[in-house]
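Enquirer: The listed protein sequences correspond, in order, to chains A and B. Heads up, the first sequence is in numbering that gives the first Met the number 0, so the first residue is 0 and it goes up one at a time. Heads up, the second sequence is in numbering that gives the first Met the number 0, so the first residue is 0 and it goes up one at a time.
Since the hints were made in silico from the structure, they are not lab data. All values derive from a computational prediction rather than experimental measurement. Keep in mind that a hint or two might mislead.
As the list claims (entries may be wrong) - Per label pair, the in silico range of CB-to-CB distance:
1. A:Ala646 to B:Arg235: 53 to 63 Å
2. A:Ala646 to B:Ala159: 53 to 63 Å
3. A:Ala59 to B:Arg235: 50 to 60 Å
4. A:Tyr76 to B:Arg235: 48 to 58 Å
5. B:Arg251 to A:Pro5: 55 to 65 Å
C-beta: ideal position from N, C-alpha, C; glycine also.
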Amino acid sequence: MGFFAPWFLAGLAAVAIPIYFHLLRQQLANPRPFSSLMFFERSTQSSIRHRRLRYLALLAARLALLILLALAFAGPYVLRPVASASERSLLLVVVDRSFSMRAADRMERARQEALAVLGARPAAALAQVAALDAQLHLLTEPTTNAAELSAAVRSIEPTDERSSFGELARAVRAQADSSGAAIELHLVSDMQRTSMPPGFADLALGSRVRLRLHPVAETAEPNFAVESVMAPASIFDPAKARVQATISGLNGPGARRTVSLVAAGKVLETQTVEVPENGRATVEFRSLPVPYGFTRCEVRIDSADRLPGDDRFQFAVERADPRPLLFVHEARESRSLLYFRSALESAQTPAFRLQPASADQAASFDPARFPVIVLSDVEALPGAFEQKLKQHIRDGGALLIAGGPATARRGRLPVLEEKILASRYAARTGERFQTASAVDPAHPSLRLAAGWEAVKFFQVVPIEAAGGRVIARLADGTPLIIDRAFGEGRVIYFASSFDNIANDFPLHPSFVPFVEQTVNSLGRLQQRTSSLVVGSFVELRSSAEQGQAVEVIGPESSRALSLEEAARAQTFQFVREGFYELRRASNRNEMIAVNADRRESDLAPVPQETLALWENTAEGKPEASQAAGATRQPWNLWWYLMLLVAAAALLESFVAARYLSIEREVA
Amino acid sequence: MLQRFLDPKILASISGLDLVAKTVVDGFVAGLHRSPDFGFSQEFAEYRAYTPGDDLRHVDWNVFARTERCYLKRYRGETNTQLTLMLDASASMGYTSHGITKLDYARFLAASLCHLAGQQRDAAGLIVFDDEIRQYVRPSTRQGQLSRLLHAINEAEARARTDFAKPFLHFQQFLRRRGIVGVISDLFERPETVIKTVEPLRFRGNELILFHVLDPEEISPRLGEPAILVDMETGRRLEVSPEYARTEYKRRIEDHLRELRERALAAGVDYFLLPTDRPLDAALREYLTIRQGRM
């Protein structure tokens, strides 16, 4: 016997409290003089003795209560042989219900196999049925009821999720540890190779689990699938929209497949592609003529294979007009406008329409109408405009500031009010220019912009980077691009200008993706995606939208959230394929297409040797017991002690009530 | 208007037994209807014409002076009654639960009776006893007798144990004339023993009255919790539970009181229970009223 937390035994010192009070109470019983005891005879002592016994019983109950509490918190345990636990063995039948089980009659075969396993067990044996996809779902309690088990097996239907043997092993290990029972695990599955975890160690089931595998697909069946589709989530010019689909042919010979682009149920374009043996082919559709608003699109192939569910890939597209972008510059300087506009119009998906304005004219524009505003090396802004601009950024707007000689003359950055540290020119006698040496490729602005090292910077206007994220630095460590939050909005500061004077950046190929990605990032266009994978989560509300209702309409046009979830849930998990409509706060609607994980399309099973190895490593024979003969496992006595504590508390209450009742009666 | 019933606690606050006795007696006498038979004896009865041979001392010379006829003043008793009070001063008489001890109460009672007897020209005497006779004042009608009695009563202190046998044996030696004997005690003795001890006095023609003084707590003890009780006479200790005091003890003390009353009645002894929380004058009044009915 031992204790998990022996330091709690110090609580035993508390027994001194009732002992002290009871002794004190006894001492307080001072003798009282009485005229004559002739009517108090020896027989009266029986009553006193009875009362004293009750008094001692009360003391004992209180002591027991304190001792048991201290013991319970100390967490006592006794070591029990594992053999006693293994007597309570459990037959756990797990049926794979992942997306790949939709292939042919795999699901039906799996049900029959599971029923056969359950039918072969002894009638008195405990059994439990579970279903496996991304997680292990227990469908019944451990029971001997054959009808309940059979009904659970028959109720299993394939889902759109992928299966994970690693998750299965983790869940079974946890169950074996918590129940202490020996588990005979029967896994009925198509044993997909892609369901295996990265490391074989993740398949370890523990010493009390015996694994029996029941494959329902022995060979790698050929399968064609639309593996992925790259399509813009938002389209501003249908003629420039590109849809790229990857068609994979798995486990079979090469074949010619017809690929169709479908929008709102209408086939827009069809192409034929040659898919090589065990390879992939790419198809590109060069336009996506869809109406304004959200459109349900998909890329479809005619495969006629045994898993038709992956022959189409759904994606949602929103068509909208380009958004306005306010470009404020000095009236005498128009070069930056020229380069910036050219870059914006050259973008792959021009999402913004540039609205130029000189600093003097800026007052005639309302900043709140522009999702993104660019201040290109401006010295002075109209006061009212600057105030409105500040408020707009605080409320969630986005601003790109380019620094240059005019900004340096101002001394402080507009909006941010950051002090400009210096206006540095590269000396013509020494280094004639500087280059960017440290670039953060993880930032959306720089993700697609390569070749920064070739850009020459002749003049920079640096500021303190405090509170901002430096995403590019010059060779001398000067912050070149800083991304800062401002209220609910964002500000990106580029410490040079776009005029091809302070630098030659506008002439470099990296300028166009930089401008496109930066304004898209600031305009939050990159946060949307055209499709997600089953099992993905979506954030339903930001910190500013707490308490506002969010609606999720599922693939069957039914509400996927309860009323309480609609008001409180932070995230939503997509568990089925199809189109989901999200109606967020502030009437922002969104459509998301969800597809099954394409790893499920690979129907190749795990090699037999690997399965045999897995089975052999989970034979339910603990190594220690083989070595020592009797493995002992700590058995926690906490619950039993707490029951005794409750009993002692009841006894104490009962005796104390009897003890005190006399005083009440007499008084 | 004179107060009718005097709280023993108020009496205890009066200094001087003579004043206490006067207060009590005046109080209850004032409350009685005038009656020719009240008191102990020596009451005027009638006038009778003188016949030769009558004692000239009994001639009422006042009537003779007014009428020139000789009349004898006749009294109910031939001689003055002798009242002897036996005051128990054992340790148990010192018990109190509400401020006035049983001995205090007994003192007031004895003083009142002595005062009453003095008013009627009866000889009053006193024996203070516990297990011995501690004080003896011979019955007399002499001048200053009341003061001597009150002094002796005042001197009585609760001590030692009660033993009826020895004091009564001695008392019988002192008793030369028949009269009234009043025993004031808490009578913590078996009723049979008490009656057997006092009965011989009755055989000698004395009228015997038992004044049983008890504290209310002794009749109906109230214990909130188990208590260790110490016998005031023997020093014996006993742990007593409230249940016992509430049930068994009460039954026993009631049996004791009933047996005392019945045995006293059977032996022709007057028995009168006086709880110490009862107004003394009211108790005396009730007692004398009952006695009148019997006389």
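Enquirer: Taking the hints in turn, state whether each one holds.
Expert: Structure-based check of each hint:
no.	hint	in the structure
1	A:Ala646 to B:Arg235: 53 to 63 Å	42 Å, violated
2	A:Ala646 to B:Ala159: 53 to 63 Å	56 Å, holds
3	A:Ala59 to B:Arg235: 50 to 60 Å	31 Å, violated
4	A:Tyr76 to B:Arg235: 48 to 58 Å	56 Å, holds
5	B:Arg251 to A:Pro5: 55 to 65 Å	58 Å, holds
When held up to the earlier numbered hints, the structure conflicts with 1, 3 and fits the remainder.
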